[in-house]
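Construct the entire structure; sequences and hints are all you get.
Now for the letters of each chain:
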Amino acid sequence: MAETTPPAAPPAPPASEAPKPKPVVPFSPVILKHIHEPNAHTLEHYLARGGYETARKHVGETDPASLVAIVKDSGLRGRGGAGFPTGMKWGFLAKGTGKPAYLAVNGDESEPGTFKDRHILEKDPHQLLEGVILTCWAIQSNHAFIYLRGEFILGYQRLEAAVKEARAKGFIGEKSFGKDFPLKVTVVRGAGAYICGEETGMLSSIEGGRGYPKIKPPFPAVSGLFKCPTIVNNVETIANVTHIVKNGADWHKQWGTEKSPGYKIFCLAGAVKKPGVYEVPLGITMREFIDVYGGGMVEGRTLKAVIPGGLSAPLLTPEMVDKCTLDYESLAGLGSMLGSGGITVLHDGVDMMSAIYNTMRFYHHESCGQCTPCREGTGWLEKLAHKHHAGHAHAGDTDLLADVAKNMRGRTICVLADAAAMPMQSYLQLFRPEFDKRVAAPEYVEKGRTARDEITPAAKRESVTHGAPGVLDVGMGMDRV
Amino acid sequence: MTAEVKMVNMKIDGRDVTVPADWTVIRAAHKNDIDIPHYCYHPDLSIAGNCRICMVSVKGAPRPVVGCATPVAEGMEVTTTAAAEVEARKSVMEFLLINHPLDCPECDQAGECKLQDYSVDHGRDHGRFHEEKVRKSKSTMGPHVKYWGSRCILCTRCVRFTDEVSGTGELGIIYRGDRNEIATFPGRVLDNPLSMNTVDICPVGALVSSDFLFQSRVWNLHSNPSICPGCSLGCNTRVDLDAKDQIKRIVPRRNDAVNKEWMCDSGRLNFGYVHAGRLQKPKLGGADATWKEARRAALELLALNGGANTVALISAWNTSEAMAAILDLVAVESPAARIFGYGNPVVADQVFPGFTIYGDKNPNRAGMEQVLGIADPAASLKALASETGSIGTLLLVHNIPDFVITPEFKAVLDRSENVVLLDFASGELLRYGNVAVALPTLTSFEKAGTFVNNAGLAQSFEPVMEPATYGLSEAEIVEALKRDVGAATRAGAAA
Amino acid sequence: MAKMPAKTLSSEALRQFHDWVDEYPNKRSMLMMVLRLVEEEFGCIDDDAMEIAADLCGVNVAHVQGMVTFYTHFKRPAHGKHRFMVCATLMCALDGNTDQALAQIRAKLGLKPGEATPDGLFSCEKVECLADCDKPPVIQKDDEHFCSMKGPALDAYIDKLLTAEGKTSEQYLAATPVTMDLRVAVLPVHYNFEGEQNVGARRFDDKDPYFAPGEGSENGSARTTGVPPALKTPLTAPVAGGALNPSNAGHGANGTSGGQHG
Ligand SMILES: Cc1cc2nc3c(=O)[nH]c(=O)nc-3n(C[C@H](O)[C@H](O)[C@H](O)COP(=O)(O)O)c2cc1C
Ligand code: SF4
Ligand code: SF4
Ligand code: SF4
Ligand code: FES
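For the protein sequence lines, the chains are A, B and C, in the order given.
Under this note's numbering, the first residue of the first sequence carries the number 16, and numbering increases by one thereafter.
Under this note's numbering, the first residue of the second sequence carries the number 813, and numbering increases by one thereafter.
Under this note's numbering, the first residue of the third sequence carries the number 15, and numbering increases by one thereafter.
Misleading hints may appear alongside valid ones.
[To be verified] The calculated lysine-lysine pairs, modelled on DSSO-like cross-linking and capped at a C-alpha distance of 27 angstroms, are: (1) B/1222 / A/421; (2) C/41 / A/190; (3) A/231 / B/871; (4) B/871 / B/843; (5) B/1093 / B/1222; (6) C/41 / A/242; (7) C/174 / C/89; (8) A/110 / A/190; (9) A/452 / B/945; (10) B/926 / A/421; (11) A/338 / A/268; (12) A/261 / A/48; (13) B/818 / A/231; (14) C/41 / C/95; (15) B/823 / A/231; (16) C/41 / C/174; (17) A/110 / B/926; (18) C/95 / A/179; (19) C/155 / A/114; (20) C/41 / A/199; (21) B/1104 / B/1072; (22) B/818 / A/114; (23) C/181 / B/945; (24) A/274 / A/288; (25) B/818 / A/242; (26) C/41 / A/231; (27) A/48 / A/231; (28) A/231 / B/1093; (29) B/871 / A/421; (30) A/421 / B/902; (31) A/231 / B/902.
[Unchecked claim] So the derived list for chain B, only partly shown, Cβ under 10 angstroms to chain A, looks like this: (32) 865; (33) 902; (34) 904; (35) 910; (36) 942.
Bear in mind the hints are in silico, worked out from the structure with no lab data behind them.
Just so it is clear, CB atoms sit at the ideal spot from N, CA and C, and this is done for glycine as well.
Okay, here's the thing in structure tokens:
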């Protein structure tokens, strides 16, 4: 299906930029290399391109600690969102507890704007499996869970088939690769809950519960799945392991920056000519990514803002986009984050009030409802955003938005509350005039309903209240159909 | 087993405290009388850490943390009243109230509601939420418990209770986010012998007792501590009474050595006998009599032949003091009398993961063993019942509400020529023709006394209310009888 | 008290379950997959299915109910046989893609989001991000996944379903759709509050600021307040040259395939 050949090497950075310390090494996709080939998901295809050789070579042979050392040395950082160094995380795994260790692979891919794991799962599941086997050997775990979001139906079928094939071949089982290394790989399906992407929420779900995140500490590496030491990694992170073990840490470090070595899959959506998934070396400029890979803005539109790392990431304005390179530090420096690598381009016609209302609705819908600030705050933010969107906010409501968002941050069990507050704070910071334009009514004079009744005619009053799931659809869309 | 508990030294609000190393900050603070507000934390349940009101600052941490889930550590310095945590608490309080109906005037919890308490201390003075509130359902959870969804703050205490203490698991959280509610599965109800504890632990008025619903406002009640006589556990209770000294409800009082903070539903609800069906006055041959007449008749019957054919039959519902008084009386008045015990039949214990309701439905069996030397009341009654021949006078010290007369018990009654009954109820026993004298006594709510529970713990209690009848405690009755004897002896000597 | 579920699992499903028993560390952790199993077995998860799942996994049925109502992807009895899930998250909703798909579904089936046809064959709902954001709008119909699903492709697909069911679009446009009620069922009447003999105990608070049944919306259903007025500002200003982001636009260079999965 590949219509175009990938650009062989990213064009040289604009002349005005300071020369990079590292020589530019030509890069071609590693993880996505085969996804366009028909039958890339089959075992034959994978074996034909040298699949499972790395695992066969190391499982039962190589000292696990040396594998951890290679991954640590490669500087691989988690691709799920937080960007935590993977080797370091593996090093934290509690040892000598007398309990089994687990690997839990996070294939929930629920961060809006992210659609990279889908391609690995659907088109190259064996690549993931080999990574799982190597990781399990490295952390000496005998049981891996792969948690897929429930909506990944083809992905589930293909991964499940791949696990069966690998089992039949003896790659996983009582004696993986004929070595004394029992390994089970279990695929678990989610069922439509963003919060199950949060690592401890996912663990709760695998344990057979509502996807409630757990209080940290203790971190999963100490007490995770079934209260046993557990390593949680994203699908893309694990898929990287095979390549790093096979080619070495230095191979991985030849791309990327000092602190963000390697390459990463970015998902491009929104107002560009060629949206899609692109695997690129870390550290390329955002402009290059949008203009060269994404083919530039759609005709007749200019760039208004970019959501750089999934819906939760604070926005970038065009000026910030110009300064931005695709690595963890650059985005952090701009007050945003690389996150899951889901880049969405908003064009000049996008009504920011619609966008923020839609965003807030997402978090309101997805908050698990455990902690008070998030449960109540996400709903409040949505209701206030809705008032701005519909154009009858009261004076003071915009400041209230800022205050509610501030009050939600850092006070909850997981960071979903922060993930909801961050975009709100960034919209307020960058697009405050658009909020102010929607203020149509004077400030509330008195607390309570009476005051509102006086100011807003009852007919104009409306609700985005969700009484129960049966009515969740009230306020679900950008526009009411 | 009893390994040395490791202790740590820490500072809370500048005070040095030493607590076991496996404690949390909130427990350490509460132990040292430093209040940290909390909703979801309950000392006898697992930690949920979801309400986020218990914020404290730990020196070195970038932002406030929840005290209920933060373990203590050596050298830790905690503040509970600094600006950061006060601000955090204030915002949590605001979030808690935005979807709350604020219907305190018609809420049963008003006056003992933790939302009211903390919003005074931590809330803001005006509301900033003008949007539509989330609508929730209300439902009847079971025979004793109702649910007002809109008031629920989703602390999950009730769910954890049914999971961890009663183990019955009837309650679950349904839906997601701010639509969350507590619910049972359709057709299954919250119907277990411990169900009403969920009402106590609900920090707000979301779970309310159907039996107490709209009965009184709590600020019109006064409370006194007591001990439940319902079984051999002896739960520590608090009895709430209205201005007319009518018992309105009974709730558990914390005692970690006995009942933690739980009690069973029947223990709470079984107080109707205090206010109805009482023996108001002494009776002589079925007719009302004065205390003096009744006492004289009783003395005559007890003293027959120095008590050679007299039997004292004492129930295990009596206080240790009552038993001792009867012993005293018998020693003076009928030294030849024999003493037997009886009680409610013992049924199987009801064992729950976090609580046991004992099948021994007698509050003072252990006391009976201590005072009367009767370890097994049932065996004692059986021994008496298996005898033949008539009993001249039966001194029956009863005081058991809702007693079911067994064939053995009936056999003993039938063999007795005269019965002197000490009881607080005018029940079935009174209708036995051979009850010659009936002296009204008091329930355990109206007198002081001691019950020794099944673990051998002697628990004394004081009266919670004024006597509802002309009854007297056993000790008072015995004292009066002994005074009568003394008067008679003096009169005899004078003659 | 605990009534026996009217349904039973097929032997294949039971065999699958027993395979899992060896796989998982404990029974409770099989719950997600067991719920999928009963969903597939019975077509949706109703009360009986929950009881069976609870039984298989050794958990309380109240907990299972909590699971089923927490996760929104499980199919419930209120959903239609053909369940349209239209992604409404920002990336899909941009440029009116979601709205267009919803409008097409409404034009064909007369369904607004949250509604089902009275015969229970079709239902429509908005869902959150389906992770295929480069090809909006994304629609999932039960187990089938579609990207760039609007315009003729969507119409043709709905027509195909209608034909297969022997129905016509006109039939549904003439009928009044029903609001999907995904709430937990009411308790038996004898568990009502006093004096509420016919209401069913699980009901909405009727005190201000709450609504009594029948109040608060035009069509008399208790649970929604009025639909807000049309937007003052349209989401996107119209552009010369028609639709943005046409579905045949070239997709990613080392990127994705277009069109339909699965
Ligand atoms: C609200 C929330 C949603 C998340 N969603 C995902 C997700 O969909 N996929 C994912 O891999 N990580 C997700 N994460 C990140 C995980 O918590 C975790 O950091 C990650 O799986 C760790 O893997 P990594 O180290 O390989 O990145 C999410 C985090 C939060 C707070
Ligand atoms: S922050 Fe929100 S999503 Fe996370 S645990 Fe708390 S309520 Fe749930
Ligand atoms: S009903 Fe009460 S105890 Fe239960 S979750 Fe709600 S507030 Fe907490
Ligand atoms: S358990 Fe026994 S002592 Fe405790 S409340 Fe119940 S009957 Fe009374
Ligand atoms: S008491 Fe600590 S979070 Fe609730």
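Hint-by-hint comparison with the structure:
A threshold of 27 angstroms between alpha carbons decides the hint, and for residue 1222 of chain B with residue 421 of chain A the separation of about 75 angstroms lies outside it, so the pair is violated. The suggested pairing of residue 41 of chain C with residue 190 of chain A holds, with an alpha-carbon distance near 25 angstroms, which does not exceed 27 angstroms. About 18 angstroms separates the Cα atoms of residue 231 of chain A and residue 871 of chain B, which keeps this hinted pair within 27 angstroms; it holds. Between residue 871 of chain B and residue 843 of chain B the CA atoms are separated by roughly 21 angstroms; this keeps the pair inside 27 angstroms, and the hint holds.
Of the pairs offered as hints, the one joining residue 1093 of chain B and residue 1222 of chain B holds, with about 25 angstroms between alpha carbons and a cut-off of 27 angstroms not exceeded. A distance of roughly 16 angstroms separates the Cα atoms of residue 41 of chain C and residue 242 of chain A; the hinted pair therefore holds under the 27 angstroms criterion. At roughly 22 angstroms between alpha-carbon atoms, residue 174 of chain C and residue 89 of chain C fall within 27 angstroms of each other, so this suggested pair holds. Distance check on the hinted pair: residue 110 of chain A and residue 190 of chain A sit about 23 angstroms apart at the alpha-carbon level, within 27 angstroms; holds.
For the given pair, residue 452 of chain A sits about 26 angstroms from residue 945 of chain B by alpha-carbon distance, which is consistent with the 27 angstroms threshold. Between residue 926 of chain B and residue 421 of chain A the CA atoms are separated by roughly 25 angstroms; this keeps the pair inside 27 angstroms, and the hint holds. This hinted pair checks out: residue 338 of chain A and residue 268 of chain A have alpha carbons roughly 23 angstroms apart, not beyond 27 angstroms. Only pairs whose Cα atoms come within 27 angstroms are accepted, and residue 261 of chain A paired with residue 48 of chain A is accepted, the gap being roughly 16 angstroms.
Taking the CA atoms of residue 818 of chain B and residue 231 of chain A, the gap is about 23 angstroms. The hint holds against a cut of 27 angstroms. The straight-line distance between the Cα atoms of residue 41 of chain C and residue 95 of chain C is roughly 30 angstroms, outside the 27 angstroms bound, and the hint therefore fails. Between residue 823 of chain B and residue 231 of chain A the alpha-carbon distance is near 23 angstroms, which keeps this suggested pair within the 27 angstroms criterion. Only pairs whose Cα atoms come within 27 angstroms are accepted, and residue 41 of chain C paired with residue 174 of chain C is rejected, the gap being roughly 42 angstroms.
Under the criterion of a C-alpha separation no larger than 27 angstroms, the hint pairing residue 110 of chain A with residue 926 of chain B is inconsistent with the structure, at around 43 angstroms. For the suggested pair residue 95 of chain C and residue 179 of chain A, the alpha carbons sit about 31 angstroms apart, so the restraint of at most 27 angstroms is broken. In summary, the hint linking residue 155 of chain C to residue 114 of chain A is not supported, as the alpha carbons are separated by about 43 angstroms, beyond the 27 angstroms threshold. As the CA atoms of residue 41 of chain C and residue 199 of chain A are separated by approximately 16 angstroms, the hinted pair is consistent with the 27 angstroms bound.
The straight-line distance between the Cα atoms of residue 1104 of chain B and residue 1072 of chain B is roughly 45 angstroms, outside the 27 angstroms bound, and the hint therefore fails. Between residue 818 of chain B and residue 114 of chain A the alpha-carbon distance is near 24 angstroms, which keeps this suggested pair within the 27 angstroms criterion. Pair hint residue 181 of chain C plus residue 945 of chain B does not hold up; C-alpha atoms about 41 angstroms apart against a cutoff of 27 angstroms. For the hint pairing residue 274 of chain A with residue 288 of chain A, the CA-to-CA distance comes to about 31 angstroms; that exceeds 27 angstroms, so the pair is violated.
A C-alpha spacing of about 23 angstroms is found between residue 818 of chain B and residue 242 of chain A, which places the hinted pair at or below 27 angstroms, so the restraint holds. The suggested pairing of residue 41 of chain C with residue 231 of chain A holds, with an alpha-carbon distance near 25 angstroms, which does not exceed 27 angstroms. Between the alpha carbons of residue 48 of chain A and residue 231 of chain A the distance comes to roughly 37 angstroms, so the proposed pair goes past 27 angstroms and is violated. Pair hint residue 231 of chain A plus residue 1093 of chain B does not hold up; C-alpha atoms about 66 angstroms apart against a cutoff of 27 angstroms.
Our distance criterion of 27 angstroms between C-alpha atoms is met by residue 871 of chain B and residue 421 of chain A, whose separation comes to about 22 angstroms. Taking the CA atoms of residue 421 of chain A and residue 902 of chain B, the gap is near 13 angstroms; set against the 27 angstroms cutoff, the hint holds. Distance hint between residue 231 of chain A and residue 902 of chain B is fulfilled; the C-alpha atoms sit about 23 angstroms from each other, no more than 27 angstroms. Because the smallest distance between the Cβ of residue 865 of chain B and any Cβ of chain A comes to about 7 angstroms, under 10 angstroms, the interface hint for this residue holds.
Of the supplied interface hints, the one on residue 902 of chain B holds, with its beta-carbon coming within about 9 angstroms of a beta-carbon of chain A, less than 10 angstroms. For residue 904 of chain B, the shortest C-beta to C-beta distance to chain A is roughly 5 angstroms, which falls under 10 angstroms, so the interface hint holds. Given hint, residue 910 of chain B at the interface with chain A, holds; its Cβ is 5 angstroms from that chain's nearest Cβ, closer than 10 angstroms. Annotation: residue 942 of chain B was flagged as interfacial toward chain A, and the flag holds, the nearest CB pair being 5 angstroms apart, inside 10 angstroms.
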